[in-house]
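Number of protein chains: 2
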Amino acid sequence: MELGHTDVTGTVQEGAREGNHNPKRCDAINSVLNRVGDKWSVLLVMSLAQGPCRFNELKRRVDGISQRMLTLTLRGLERDGLVKRTVYATIPPRVDYELTPLGHSLREPIEALGHWAFDHYECIVAARAEFDAKQ
Amino acid sequence: MELGHTDVTGTVQEGAREGNHNPKRCDAINSVLNRVGDKWSVLLVMSLAQGPCRFNELKRRVDGISQRMLTLTLRGLERDGLVKRTVYATIPPRVDYELTPLGHSLREPIEALGHWAFDHYECIVAARAEFDAKQ
DNA sequence: CAGAATCCGACGAGATACTG
DNA sequence: CAGTATCTCGTCGGATTCTG
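Chains as they are written, first to last, in UniProt numbering: chain A, 1 to 135; chain B, 1 to 135.
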């Protein structure tokens, strides 16, 4: 995954030339992109925006997610330090998930994306219709 | 894909209650998320940031992309109105791709994401190491 | 040069069943 | 309730080959 002399932050690398890029920056972009690219991750982060939530409550909120994907996605978010998992040793068991400060900080760029989506949706739909009409 | 009373723009819906969400907003979020979630799309948008570019030049810039995916991704971006395709009837043929104003506007939220990624990368790597150590 | 078409393998993700 | 463990099927995407 190399972009020549440009990266996804939009900054142009100083001494950039053919084959000379910033591998660390590339890794950073990639891992975050993979996380944000994952639709369940984004949905979960936004579902956890207002506060802690239990497993099954999350399952209800994020309609359509399977138990398996909910578990896997939460694990991934926890591993990345975006979500904190708290187990209460009660019967029946209770597990709360909540955003860490890092998780909260991710909301900003995600919401920026959400706003862009909403603001330009009509535009995109129109473009699609026009494109399809030509085929 | 429903979020109960929250959506990815972070705004809380006015009269939101169980099962009452904004389907149009959901569609908008989804289609944009799918596009941004697609790693090649993001990479291509950023590769086209500085100006028009030919097919094979793009293939060289976005290292690792297959011809097939380059074609398909460019088609998708063109269909969404993010990229403009210009064919020059020369021999050999020449096709230029460039961002539309809409495509350029998408750079902002993408770059915001890129900056977040870079700024918090160390943090994420550390979290992962800690998480993995506990297993 | 800029694709279109075909083949095919790997992996993502749903459904289902079981457990502490 | 909050998971884990399989199994399976669909599609995504890479490699290869062919064309105007």
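In short, the hints are calculated from the structure, not lab data. It is possible that part of the hints are untrue.
Which copy? The list can't say, so a pair holds if one copy fits it or any two copies do.
To be verified - Each computed DSS-like pair below joins lysine-lysine, with the alpha-carbon atoms no more than 27 Å apart:
#1 K59 <-> K84
#2 K24 <-> K39
#3 K134 <-> K84
#4 K59 <-> K24
If you're wondering where the values come from, they're calculated on a predicted model, not measured in any experiment.
We went through each hint and held it up to the structure:
no.	hint	result
1	K59 <-> K84	within (17 Å within a copy, 41 Å between copies)
2	K24 <-> K39	both (25 Å within a copy, 17 Å between copies)
3	K134 <-> K84	between (50 Å within a copy, 14 Å between copies)
4	K59 <-> K24	between (35 Å within a copy, 22 Å between copies)
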